[in-house]
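Chemist: All chains should be built: construct the whole structure from the sequences, respecting the hints.
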Amino acid sequence: VLQKSLVILLAVAWLGICRAADPERSVVQIITFEQQPIWDAPWRFDAVRRMGGSGFVIKGKRVMTNAHVVSWGRQIIVRKYQDPRPYVAEVEYVGHDCDLAVLTVEDGRFFENLQPLELGELPKVRSAVVTYGYPAGGEEISYTRGVVSRIELETYAHIGNRRLLSVQTDAAINPGNSGGPVIQDDRVVGVAFQGIPGLENAGFFIPPPIIQHFLKDIEDGHYDGFPHAGLRVTELQNPAYRAFLKLPDDSVGARIDGILPIASTEKVLKVDDVLLRVGPYPVANDGTILYEGNRVSAALAFQLAQNSECVPVQIWRDGQRQEVSLPVYRYDGDHAAGYQYDLLPRYFVYGGLVFTPLSLDYMRTLGRGARETDSGEFSYELYFRRYESVATARPEPIVLASVLADTVNANVSVRGRTLVDRINGIRIEKLEDVVRAFETSTNAQDLIEFLPHQGFECLDRGEVAKANAGILKTYGIASDRRL
Amino acid sequence: MISVNNSIPTRWRNRTLHLLLVWVLVFEAGFLATAAEPPVQKAPASWESSIVTIEVARKRYDYYQPWTRRTSQMQKSGLVLADHQILTTADEMFDRTLVRLQKNGRGRWWIGEVTWIDYHANLALVTCVDADFWRDLKPVTLKGEMPAENNLQVLRWRNGNLENRHAEFNQFIVREGQLSTVSHVTLEADCEIQGAGGSEPVVANSHVVSIVNAQADRTCIAIPASFITDILEAKKNGKYHGLGYFHFYWQPAANPASLARLKLSGEPRGVIVIQVPDRPDGGEQVLKPQDIILQIDGFDIDIQGDYEDPEYGHLMLENLSTRAKWAGDEAKMKIWREGKPLDITYRLPKYDYSTSLVPMATYDQDPEYLMIGGLVFQPLTDSYLQSWGPDWKRRAPFRLTYYRTESPEKDRPSLVLLSQVLPDPYNIGYQEQRCLVVDKVNGQRVNRLPDLRAALDKPVNGFHIIEFVQSDSLRKMVLIAGDTEHEATSRVLKRYGINEPLHFAPEREK
Chain A
83 VLQKSLVILL AVAWLGICRA ADPERSVVQI ITFEQQPIWD APWRFDAVRR MGGSGFVIKG
143 KRVMTNAHVV SWGRQIIVRK YQDPRPYVAE VEYVGHDCDL AVLTVEDGRF FENLQPLELG
203 ELPKVRSAVV TYGYPAGGEE ISYTRGVVSR IELETYAHIG NRRLLSVQTD AAINPGNSGG
263 PVIQDDRVVG VAFQGIPGLE NAGFFIPPPI IQHFLKDIED GHYDGFPHAG LRVTELQNPA
323 YRAFLKLPDD SVGARIDGIL PIASTEKVLK VDDVLLRVGP YPVANDGTIL YEGNRVSAAL
383 AFQLAQNSEC VPVQIWRDGQ RQEVSLPVYR YDGDHAAGYQ YDLLPRYFVY GGLVFTPLSL
443 DYMRTLGRGA RETDSGEFSY ELYFRRYESV ATARPEPIVL ASVLADTVNA NVSVRGRTLV
503 DRINGIRIEK LEDVVRAFET STNAQDLIEF LPHQGFECLD RGEVAKANAG ILKTYGIASD
563 RRL
Chain B
78 MISVNNSIPT RWRNRTLHLL LVWVLVFEAG FLATAAEPPV QKAPASWESS IVTIEVARKR
138 YDYYQPWTRR TSQMQKSGLV LADHQILTTA DEMFDRTLVR LQKNGRGRWW IGEVTWIDYH
198 ANLALVTCVD ADFWRDLKPV TLKGEMPAEN NLQVLRWRNG NLENRHAEFN QFIVREGQLS
258 TVSHVTLEAD CEIQGAGGSE PVVANSHVVS IVNAQADRTC IAIPASFITD ILEAKKNGKY
318 HGLGYFHFYW QPAANPASLA RLKLSGEPRG VIVIQVPDRP DGGEQVLKPQ DIILQIDGFD
378 IDIQGDYEDP EYGHLMLENL STRAKWAGDE AKMKIWREGK PLDITYRLPK YDYSTSLVPM
438 ATYDQDPEYL MIGGLVFQPL TDSYLQSWGP DWKRRAPFRL TYYRTESPEK DRPSLVLLSQ
498 VLPDPYNIGY QEQRCLVVDK VNGQRVNRLP DLRAALDKPV NGFHIIEFVQ SDSLRKMVLI
558 AGDTEHEATS RVLKRYGINE PLHFAPEREK
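Residue numbers (our numbering), protein chains in the order written: chain A, 83 to 565; chain B, 78 to 587.
Please note that the accuracy of each hint is not assured.
[Unchecked claim] Short derived list, chain A residues pointing at chain B, Cβ under 8 Å: (1) 165; (2) 316; (3) 320; (4) 322; (5) 457; (6) 466; (7) 469; (8) 494; (9) 539; (10) 542.
[Said to hold, decoys possible] So the derived label-pair ranges between C-beta atoms look like this: (11) A:242 - B:483: 36 to 46 Å; (12) B:141 - A:207: 44 to 54 Å; (13) B:483 - A:126: 29 to 39 Å; (14) A:245 - B:381: 29 to 39 Å; (15) A:353 - B:469: 28 to 38 Å; (16) A:120 - B:471: 23 to 33 Å; (17) B:483 - A:306: 50 to 60 Å; (18) A:306 - B:563: 53 to 63 Å; (19) A:256 - B:333: 57 to 67 Å.
Since the hints were made in silico from the structure, they are not lab data. Where a beta carbon is used, it is the ideal one built from N, C-alpha and C, also for glycine.
Modeler: Encoded structure:
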């Protein structure tokens, strides 16, 4: 009996390997030589780093992977299963908000004998999945098996300020797995993309609805991104609030507690409107919808639309039901509060004073002591002012990032890491204002005023004009600006 | 008020340092029993009759549960002065329930009474009504005179012996007070003593030169004798009305291009005023942004903001607001404005915790709160924020700590927050809300708890509508008013063991 059991177990294992043998041929190793800009010295770049990731072949002779696997790539190499030849790949489309990218490989031989993997459906919770990829610790393909633990909206760490649908699994997802497929019944049910440091047996993958949204988005040859309705929806479970709104005391309806300054949304919806249904999904009083058997945030119902599409919404307003149609768009108003890619940081150097936009990437250069360094001004400006004081919020707050030492600025006490308020009397709303303020002034001195206490510094314009070229040369800066 | 000479405001740096000092004090107090220390020298017998031990029992509050009290006690030093007075620091004397005094480091304890306390200056006077206590005690002399040979000693009673540690003078430096943001001169001395900061006298030969109010590593930070004697003298003469300060921001004038723009020719000198907030006393601000302060009370101000003090050498100009001057006194300033010299008189405003948007302290006052139906409202204060522990500046919610950097305004002099919700059927759906700053209740602006109470008396159509300051968190709540609310409040009081639904500070009760 014991011998028979062993045989059966072995057979099952063998069958399992046989079934897995096909998908793995379509899983590729990706090696990216990346080089990131230095956000407080924006004309410079960090050292080139070799990053490893995974990907898989999809229809149309494309390789799908994570955006973070190929971001800031100077060269991207893909390798096929058990094939040592390196192939050069290029990014065709990238969606940083959803952490997905598709690559093309010019060398036609790459796709020989490769079958594109098919996309499956959103897997069920508790169902088994297998991740394929090339995680750190070896060069050969690796498989890990696990079950789907839960499905909900998670913050996508690559961009940092977007929450999209995500699947948690206990299958090990380690560095290098990123971009690799998660397979169930020979179909791709996810793209492995992130874990939580310190949390064991918890890896996350991007599920088919997000992948399909991305692929549909790029069908027109351009990636727009996921729409953002700009609503802050809060639960409506207290009977008093429901009675106040003359809403039946049941489990339907979540209240709009705040709206971002998005004109198209403000035109259709108001604070205290109650969302009863978004698209085909009834909204529960805890702000969730039932999606494929999973309770997830109602924000998903808006995200499933493509950029500029209209979402039918049923609301409760003034004691009655109303049907409205909400056009939803990609939202860029908070891009500085998330990590940025592809576009090199903007800057302007004048008299050795380096001006650059305030951003999360810039904040990261300050290290862990940022709150002591800036007394919280940066964090407030980046994360709170636009909610609390729309009238005083600046589209692109500018910081004096550093001062490149030179005789012309030797007596300037402020040496960087300071928010700029005005230059030569012009309120600085964006980097172009800095350039205009310096280039249009006719005073003998430039006056630069800082926040929060209106401290100021002056530069002798005549001396700066003579020194500018020399400073750029001394510090190896090819251009005084990137706008 | 503040010098702004780089991106780290002085006040921030100093507050950080103070936090560290408090931590060191607390930590090392528990460390005394086991730490290896250099041998203790025996103090001259003459000091034994001039230094007493003060034991303070006091209330400690848990601002997460403002209705609860704990007690603690600690010991510190006191210096015998004339007229049956004992001098000590005000630190750890707040929220006191009992003060006891002990002579000779051992034996009987005597009941002490605090006759005067000034938290801003960090000074207090204690007395004992029992005449027997004063027998054999000898008043000391407080003198700023520093010995040429630098032989300072730090003294305190410990295990029945008068501990005597050699200290080496470092410098006189202007820094914010231990219990306030008013800057004044302090003495720094290196010493091998551990856990100092409890008002230990620093003596030189036969007189006391300062009392220690904090310690950072080996450095003792002490309040100099002249600062103390000036205050005590002014108090005696009825001229002391609390500490004053300079209520404006300035920056060094090290940049000749900035001075050229302000049309000041000649050698660079003075400091530049950059921001002049409204005075807390509503008085006229005589300074304007871009004034250059050249002289204060006849002392030339250099481009770093220092002046040459006849007693202490180079000191930051802030000290001129406390150098034998008090709230309401005048400082004569020579300034440069719009290309011309000008003499002005600056009246020093009185420092007070309550003039900050987020008060730094609320001493001798049980925590204020108001609870309805499980919703707990409290004023936003440093004491509340400190409930996040020693690292509270990092751990407390950013938006709340950031209010500390903001100035009060006429229509927003202080803040009230919904600190937490004690779960009850009445507040279902709101149980996880916390740390929300209240804007309006039932349409009325709420700056203080009495405003809140008044607003709750006027529900709107049977509802309480609570609006929070616009931020990235919840902005509005609605609750049932009336009997349901009162029943819920009673239920929560009983279930959570709370005696009273509210506590206001006495002066606000009026």
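Chemist: Next, verify each hint and record whether it holds.
Modeler: Hints and how they fare:
1. 165: violated, 50 Å
2. 316: holds, 6 Å
3. 320: holds, 4 Å
4. 322: holds, 4 Å
5. 457: It holds, given that the least Cβ distance between residue 457 (chain A) and chain B is near 5 Å, below 8 Å.
6. 466: holds, 6 Å
7. 469: holds, 5 Å
8. 494: holds, 6 Å
9. 539: Check passed: Cβ of residue 539 (chain A) comes within 6 Å of chain B, closer than 8 Å.
10. 542: holds, 5 Å
11. A:242 - B:483: 36 to 46 Å: Because 27 Å falls outside the window, the suggested range is violated.
12. B:141 - A:207: 44 to 54 Å: violated, 37 Å
13. B:483 - A:126: 29 to 39 Å: holds, 36 Å
14. A:245 - B:381: 29 to 39 Å: The hint (29 to 39 Å, Cβ to Cβ) is violated, given that residue 245 (chain A) and residue 381 (chain B) are roughly 50 Å apart.
15. A:353 - B:469: 28 to 38 Å: holds, 33 Å
16. A:120 - B:471: 23 to 33 Å: Cβ of residue 120 (chain A) to Cβ of residue 471 (chain B): about 26 Å, so the range 23 to 33 Å holds.
17. B:483 - A:306: 50 to 60 Å: The hinted range 50 to 60 Å is violated for residue 483 (chain B) and residue 306 (chain A), with Cβ atoms some 39 Å apart.
18. A:306 - B:563: 53 to 63 Å: Between residue 306 (chain A) and residue 563 (chain B), where Cβ atoms are some 54 Å apart, the hint holds.
19. A:256 - B:333: 57 to 67 Å: holds, 58 Å
The structure does not agree with the numbered hints 1, 11, 12, 14 and 17 stated previously, though it agrees with the rest.
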